[in-house]
Amino acid sequence: MYVAVKGGEQAILNTHKMISEARRGDPAIAELTLTQISEQLRLAVDRVMAEGSVYDRELAALALKQAQGDAMEAIFLLRAYRTTLPRIAMSEPVDTSRMTIRRRISATFKDVPGGQVLGPTYDYTHRLLDFELAAEGLERVRATSAAEPLEENVPRVVDLLHHEGVLQEDNDDGNDEVFDLTRQPMSFPAGRDQRLQSLARADEGFLLGLAYSTTRGYGFNHPFVGELRLGEVTVEIVPEELGFPIAIADVTVTECQMINSFQGTAEQPPQFTRGYGLTFGHNEGKAMSMSLVDRSLRARELGEDVRHPAQNEEFVLSHADNVEGNGLITHYKLPHYVDFQAELQLVRQLRAEYEAARAVQTKEAAE
Amino acid sequence: MMNSRTEVHAKPAAIAQRSDWLGVLSRSVPGELKALAADLVSDVAFERLRAPSVGLVMVRGRAGGTGNVFNLGEMTVTRASVQLTDGTVGHGYVQGRDKQQAELTAIVDALLQQPKRHDEIKSKIIEPLRQNAEARRIENSRKAASTKVDFFTMVRGENVA
Chain R
1134 MYVAVKGGEQ
1144 AILNTHKMIS
1154 EARRGDPAIA
1164 ELTLTQISEQ
1174 LRLAVDRVMA
1184 EGSVYDRELA
1194 ALALKQAQGD
1204 AMEAIFLLRA
1214 YRTTLPRIAM
1224 SEPVDTSRMT
1234 IRRRISATFK
1244 DVPGGQVLGP
1254 TYDYTHRLLD
1264 FELAAEGLER
1274 VRATSAAEPL
1284 EENVPRVVDL
1294 LHHEGVLQED
1304 NDDGNDEVFD
1314 LTRQPMSFPA
1324 GRDQRLQSLA
1334 RADEGFLLGL
1344 AYSTTRGYGF
1354 NHPFVGELRL
1364 GEVTVEIVPE
1374 ELGFPIAIAD
1384 VTVTECQMIN
1394 SFQGTAEQPP
1404 QFTRGYGLTF
1414 GHNEGKAMSM
1424 SLVDRSLRAR
1434 ELGEDVRHPA
1444 QNEEFVLSHA
1454 DNVEGNGLIT
1464 HYKLPHYVDF
1474 QAELQLVRQL
1484 RAEYEAARAV
1494 QTKEAAE
Chain V
128 MMNSRTEVHA
138 KPAAIAQRSD
148 WLGVLSRSVP
158 GELKALAADL
168 VSDVAFERLR
178 APSVGLVMVR
188 GRAGGTGNVF
198 NLGEMTVTRA
208 SVQLTDGTVG
218 HGYVQGRDKQ
228 QAELTAIVDA
238 LLQQPKRHDE
248 IKSKIIEPLR
258 QNAEARRIEN
268 SRKAASTKVD
278 FFTMVRGENV
288 A
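As they're listed, the protein sequences go chains R and V. First residue of the first sequence: 1134, per the numbering used here; consecutive thereafter. First residue of the second sequence: 128, per the numbering used here; consecutive thereafter.
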């Protein structure tokens, strides 16, 4: 077997060259720059940052370029890169109520304080291919500016409902031991901190499928988007040499507050329950799916029957990470010559025994 | 724990001021800081206490925005520390991987702590950066505001005269 691996060396070197050529494409066409990718393929970059779990637009753009646009490969590259960097600090929790809003909508209240701000969304486009974009060198439509900016702090919709008691509150229980998937292995039962971290970097497609399943009878929830907001939040750290907080960055995040009905139990009065979605970048579908799956994974905590895949945290969290899933599935391509030879021998032997047994049976039946 | 003794015992007002200018420097656009600071710091002698290096900060959020803390994901951050010839220590933390910007931030932080340079550096670097950032924020917010739905302008068909 070692002989075969050695013989593959030149072939592997050549495949690297072949992929480099394929990545470059026609040399007569201008090569993509990282700024072109990060400026013009923003949502692809945002997805790679969210699931790669590293906020760095330039690195995400590089990963996308290297992976020829394959999001999953780019996410893998970013996750691998982060292992080479030291951890400097843990931030203070970001305050999304102080977000600089670019988009903010509520499906539960029309006249919500701060207003419905549609922002940059495809929601109201016709999904018709725009052939004007195929033409180069045209000046594109620019955004309009209103006379006045939005209010500086737009209140969160869910916070407006708290005083009535009809919505379950999310309170800080003061536990400062926060689960960290980058340093601790997945464990069950999982706390909500572990679940939210896992969901924030989970595969968007997998979460979308699970979220869809909860609304189609596999874990019934009637969801309302209490609020969806997109914008920039300030990241603060307390450097140990300073001992006081400083703002180090403004990062783009998408937040979804999903409101779900809850019948109540003997101990708890009926009230709405909540699911939460928060992702790096503009990742609306991901944030919505995350909030639905967060809510369905709260089944145990809310005393609901755990009957469906989206309610089963071990099933969801163990299979949500596309770097892990991709790693296992793609490893089947690697040489399994010895394993297969062993299985082949076994199957041949079993078949021989089967044939022999059948021959005896046929003979006995004939007699 | 460089210089920690002096900083821990610094007055709250001084801490708030320093936190404010560090926040402005950290979040500045790299090109802007370089353009504003290049001439002012070109002849400043300093020693590297911590060469600029890239690392990660784990960004945290709260469940539901108000609940328990969870780890959202990491971001790249570059930090640097310098000491001026009079012993003043400056620290720089910036988003991303721009080592020059991190060291420039540390030098400017140190200069701002020197009473004789404070006002000049503040007016020539910090205030312009703050104004630029605020202008960008307002411009972006005005664009967002143009997409705000004004339900009151809708006219129902049956009411049209």
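These are calculated hints, taken from the structure and not from any lab test. Please note: incorrect hints may appear among the correct ones.
Derived list of chain R stretches under chain V, where covered just means 3 residues or more per stretch with a C-beta under 8 Å from a C-beta of chain V [claimed, not checked]:
no.: 1; region: 1145-1158
no.: 2; region: 1183-1194
no.: 3; region: 1378-1384
Taking lysine-lysine pairs in the DSBU-like style, the calculated list, with each CA pair at most 30 Å apart, reads [to be verified]:
no.: 4; chain 1: V; residue 1: K243; chain 2: V; residue 2: K138
no.: 5; chain 1: R; residue 1: K1243; chain 2: V; residue 2: K243
no.: 6; chain 1: V; residue 1: K161; chain 2: R; residue 2: K1198
no.: 7; chain 1: V; residue 1: K275; chain 2: R; residue 2: K1243
no.: 8; chain 1: R; residue 1: K1198; chain 2: V; residue 2: K226
We put the CB at the ideal spot given by N, CA and C, even for glycine.
Taking the hints in turn, this is what the structure says about them:
1. Restraint check on the region 1145-1158 of chain R versus chain V: 0 residues with Cβ-Cβ distances below 8 Å, three needed, restraint violated.
2. Look at the region 1183-1194 of chain R against chain V: 7 of its residues bring a Cβ nearer than 8 Å to a Cβ of that chain, three or more, so the hint holds.
3. Counting residues of the region 1378-1384 of chain R whose CB lies closer than 8 Å to any CB of chain V gives 7, which reaches the minimum of 3, so the coverage claim holds.
4. For the hint linking K243 of chain V to K138 of chain V, the alpha-carbon distance of about 19 Å falls within 30 Å, and the restraint holds.
5. For the proposed pair K1243 of chain R and K243 of chain V, the alpha carbon gap of about 56 Å is over 30 Å, so the pair is violated.
6. Between K161 of chain V and K1198 of chain R the alpha-carbon distance is near 28 Å, which keeps this suggested pair within the 30 Å criterion.
7. Restraint check for K275 of chain V and K1243 of chain R: satisfied, since their Cα atoms lie roughly 12 Å apart, inside the 30 Å limit.
8. At most 30 Å may separate the alpha-carbon atoms for a hinted pair to count; K1198 of chain R and K226 of chain V meet this at roughly 23 Å.
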